[in-house]
Amino acid sequence: MSSRLTSGGRFVDRGHPVTFSFNGRTLSGFEGDTLASALLANDQMLVGRSFKYHRPRGIVASGAEEPNGLVNMGEGNRFEPNQRVTTTELFDGLAARSQNHWPSLEFDIGAINTKLARFLPAGFYYKMFIHPRPLWKHVYEPFIRQSAGLGQAPKEADADTYEHFYAFCDVLVVGGGIAGLQAARVAAKSGARVILMEQTPHWGGRAPVDGGTVNGAPVDEFVEQIVSELETMPNVTMRTRMMGAGVYDHGYVLGYEQLRDNAPAKPGPRHRLWRIRAAQIVTATGAIERPLSFAGNDIPGVMLASAVRDYLVNFGVSAGDRTVIVTNNDDAYLTAFTLNHAGRTVSAILDARSPDLESPAMVQARALGIRVLAGHGIAAVKGGKRVASVEVCRQEGSGAVTEEIACDAVAMSGGWSPVVHLWSHCGGKLTWDTDQAMFRPDVDKAPTGADGAAFVTAAGSANGLMSLAETVSDADAAGKAAARAAGFTPKRTKAPVGEASEEARMEPVWLMPAQADYEHRAKAWLDYQNDVKVSDVQLAAQEGFESVEHTKRYTTLGMATDQGKLSNINGLATLAGALGAEIPQVGTTTFRPPYTPISLASIAGDARGEVFQPVRRTPMHDWHDDNGAHWEPVGQWRRPYAYLRQGETVSQAVNREVLNTRRNLGLLDASTLGKIIVKGPDAGKFMDMMYTNMMSTLKPGKCRYGLMCSENGFLIDDGVVARIDEDTFLCHTTTGGAESIHQHMEEWLQTEWWDWNVWVANVTEQYAQVAVVGPNARKVLEKLGGMDVSREALGFMEWADGEIGGFACRVYRISFSGELSYEIAVKAGQGRAFWDALTEAGAEFGAMPYGTECLHVLRAEKGFIMIGDETDGTVIPQDLGLNWAISKKKEDFLGKRAQERSHMTDPKRWKLVGLETLSGAVLPDGAYATGAGVNANGQRNVIGRVTSAYYSATLGRGIAMGLVLDGPDRMGEVLEFPGTEGATFKARIVDPVFYDKEGEKQNV
Amino acid sequence: MSEPVTAMGGVAASGGIAGIREAERQGMVTLRGDLSAPAVGKAVKSVTGMAVPGAGTFAQKDGVALCWMSPDELLVLCDYGSAEGIVQAFDAASGKAHLLAVNVSDARASFQVSGEHARDVMAKLCPVDLAPGAFGTGMFRRTRLAQVAAAIWMPSDDSFQLICFRSQAQYVFDLLSIAAQPGSEVNHLCSTG
Amino acid sequence: MLILTCPVCGVTAEETEFHAGGEAHLKRYGPGSPDEQFEEYLFMRENPRGVHFERWRHVYGCGKWFHAARCTTTLEVFGTYPAQTLEPPAGLRKTISKKRPGWIWREFS
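Chains as they are written, first to last, in the working numbering: chain G, 1 to 1004; chain H, 1005 to 1197; chain U, 1198 to 1306.
Calculated cross-link-like contacts (lysine-lysine; reagent style DSBU-like; alpha-carbon spacing at most 30 Å): (1) U/Lys1224 - G/Lys685; (2) G/Lys429 - U/Lys1295; (3) G/Lys685 - H/Lys1100; (4) G/Lys699 - H/Lys1100; (5) U/Lys1291 - G/Lys445; (6) G/Lys702 - H/Lys1100; (7) U/Lys1224 - G/Lys888; (8) G/Lys890 - U/Lys1224; (9) G/Lys896 - U/Lys1224; (10) G/Lys685 - H/Lys1046; (11) U/Lys1296 - G/Lys445; (12) G/Lys429 - U/Lys1296; (13) U/Lys1224 - G/Lys889; (14) U/Lys1295 - G/Lys445.
Derived coverage of chain G by chain H (criterion: at least 3 residues anywhere in the stretch with Cβ under 8 Å from a Cβ of chain H; other residues may be distant): (15) 155 to 165; (16) 609 to 623; (17) 673 to 682; (18) 827 to 839.
Some chain H residues near chain G, calculated using beta-carbon distances under 8 Å: (19) Ser1006; (20) Thr1010; (21) Cys1130; (22) Ala1150; (23) Val1152; (24) Phe1169; (25) Ser1171; (26) Gln1174; (27) Gly1187; (28) Val1190.
Calculated directly from the structure, the hints in this document are not laboratory data.
This structure is a prediction, so every number in the text was calculated from the model and none was measured.
Glycine included, each C-beta is placed from N, C-alpha and C at the ideal position.
Just chain G, with the same shape it has in the complex:
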């Protein structure tokens, strides 16, 4: 059984016990434990079920590479699935539940799949569910969805907060083991700004577990010494619990900092995503031990040899009382010695290397009385939910069992793979190291940055240098090289000297025993989480999946949440073997960020809830909110769609607002409309290029409605232009156009006509603007008093500066409703006060605010177009009958040449008309009119579409505008518009101006 030793454990504080729960069972551990070490201390070997076969799964590893120990953590609005037990720090009250089983972890009905394994080989889903097609949607897909996914999705909104942080440095070091520490030290000593991050809570990495000396002192003392030195340096930022998630273009790195996953009661954000720009990056990310592929290597109790060692040394936890060690290298012997030292039995070391190989480690093991069987391996592990024994066989051969050894744990080591992920994310290439049977960074093919130079250096075991001595000297060189590349001069210091070790060479073992039969290969797991076995990869190769990328997707090898950290090399070696190719020819799959999964919320950062997106507010926003505004988003603005009174529906409110504005007085907050000043000696010339109309002839004091087109000829914006003086124009744009039209103007001035003397300025937000609309509009202004707003003093399409009710203002006599209308601009800081003054003074004249929908109805009754309704980016002014607004005299304006293209002058372009349903109903917005015949797809031909449709309270019926083939020539004709629910609307083509065709009302 796995258990806690009576003493020891570098990280645990035995004076501080901690209580937690697993599947509802209350357990105890110590401060400093991971959830994994605490579970093992409680003999909870079984922690989950695999994805496909629901096989019992135990903890395999001790770090980020763990494929099996994934649990649902927390509850309610702090629930999170797929949390790795090996990287979860224990805290008081932690509640975890295992995943992917029903009804319980111990008794899981889904485990029947393991009996069916023969019938669920690689590609099973592709083969099984393809026919018959109709079953896919209603039978197969729901079934697969039911069984897909490991954890559960959270049901409640996340209660925590998350943030981003932009950081800059000269040298970024990822990994806080001895390599990272030494690289950071030499880089920092050069004066470079250094950020050093370590994903675990501890500095030093594996070295203190493995032992050895640096500069004659024990390695943990060396670690302490560097850490305390770095802590005093002002140019160094050190962070534990922060993972280098990804390396991106031009030295961009994401650092994922878990601020209080270990202490949920602490205040502040839960995760912080560091968005770092580094001139140079050192990846000191260490290496990961590989499993060995033998039958039953997934039974709980089979662990990586290094993990067994880690739990002993770091947490004082033993994985078993009697451990069999199986290895192809010397490193695993360290585990044997550590177990032996802790008083646990090492039943045997099965060393798969050639029987004639001799190593100092073997000698030492035998001296300790440990049995070493050279040239041997495991034929099969026996056991169900935990290891019971191993069947021993010779490595060369097909697995004839030479003996059976009873044990409760197996520590395996298939060699080590450098963590090359961060090196590879941004294009760093790898090279195959035959001696160590590993891919390591190809130092000549590093990722390159903005200047074309390399910006990543791998250091230590991440660079394929596995011994302590090599690691520290390589890290020293890497830190200095990075500092130099970042423009600093490293100090001429000697590299620390690590203790040399004498290790015999490892021998690659991709299958154990080498000639294992199918029965055994079908139980030799490569990917524990996704249930991919040696036999699956061989089958994929046999079926023609020769590319490693195809094999990955066909078998799902390496596609689980661990992204194949343990399985990839074994998998592609198996593939290479099946294809009769060399491993480097098969190559690796692509390493993509993040290194391990990061929370989606950390990616979103602050952008959630109220600040998910900027909401722009006018100066009168709060008044609207207090007075029943039913909001409508218009770009990032919020505008009142209508103001709801007690008991009113939205459409009742709109109708009331329409009638009141036509009969009495309506007030519209028009502050969002764009206001752009264009000034300069060449302003007239520029305006003539921007607008289709002739603007240069507009007289100061006058207003003119204008259209703007893109160079493609399509309508992009419209609005009223006021000429302020000889040199100056003020352009009103649509709400959405304020920024885009300002930028459009800047673009042409900067990039095409940079020699023209014109300046533009966006003054949209300087003003609050109110449209005072209706027969009583003049009365309320006269009551407030101030400037002369009579017909004589301020005629239609004129503007004037003055004062109303004591507010300095600019008044435009323009109308988008057909009524007597004044648009009045005051300083934004006085907008609310001015609005209040108008509503108060207007009360006796029946003043009511109106919203955007009323505005739409009023303009549609008058046949005025709306950008975004009548236009969709493919409509030219000529389509809308706006030829009167297109100057024939001008040689050029933006869009003029495009409007001469054959398709633009085609008489068959759909043209704007009014539409009146025969029944008086409102046409569905966007509905198409059907014509005779069908198109090539067998669909009915269409001859027009509705661009906007409303209920007109003024007329008591539905009105609409639409674009129709030969529309203006078909007045009176009735068209059919199929609706969405079987209904067909009949509508007559009419003039688009439904109300006050002569325009008398606005001109009073």
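Put chains H and U on the given structure of chain G with help from the hints.
What follows is chains H and U alone, placed relative to chain G:
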């Protein structure tokens, strides 16, 4: 007539890792003109008594500041009540220079972020190197603050002032308050020299 | 995510401060131009593997347009220069030739 008000009526948030406060009414004038043209420099000098500041900086004198927005734009900061006068003074002083001066005092909102962790708070929102050696007093930077445009500068070594569009004041205030929430110290920028 | 240096204000910033604006050095053809030329201006664009010239705008900074010479495969930025030029500056072309001998982009090399 009522006095113009700021976007948020002087809202403030304390209790976090930095103080957040809406600045008082501030006069602002946008001046467009070729800043390298001698005639423009002359007009600027005659109105403000200052030379055109260099790229990425601002100059100040007698309660008026000139902020460099681009090679053809200055932002003049002044008393709220003086803005109209400065616009008129530029119009009068322009002479042969082709200028556009316009009062934008009401178009913007302005906030102050102050305290030991002010740099950390700002660095959560702006993709700018705000380390003491890289950004300090006298500098003026237009940038992105989360999802909106902003201009930032440091009135003192532990405080920032920023300007954004008036309509975005609530968004910016909320963002700053979240970025300054208790327990969110980063201790990255204050420790470096 | 790229970092670019705005040649107008001198600020070096990450891509999120900028806005990409398509191909550089397009010549405008207006009324009176033949269809072929107008089509070329409006629709035809380079799609090179390697050296490319682009328009960018420092949208969250000084607001100015500028040009950038960039490698579309390695993302190396050879240089940025003002938008008020009709062709890539000679010095920059020389720099690119050193790094990418034999490069060709439209009529430039």
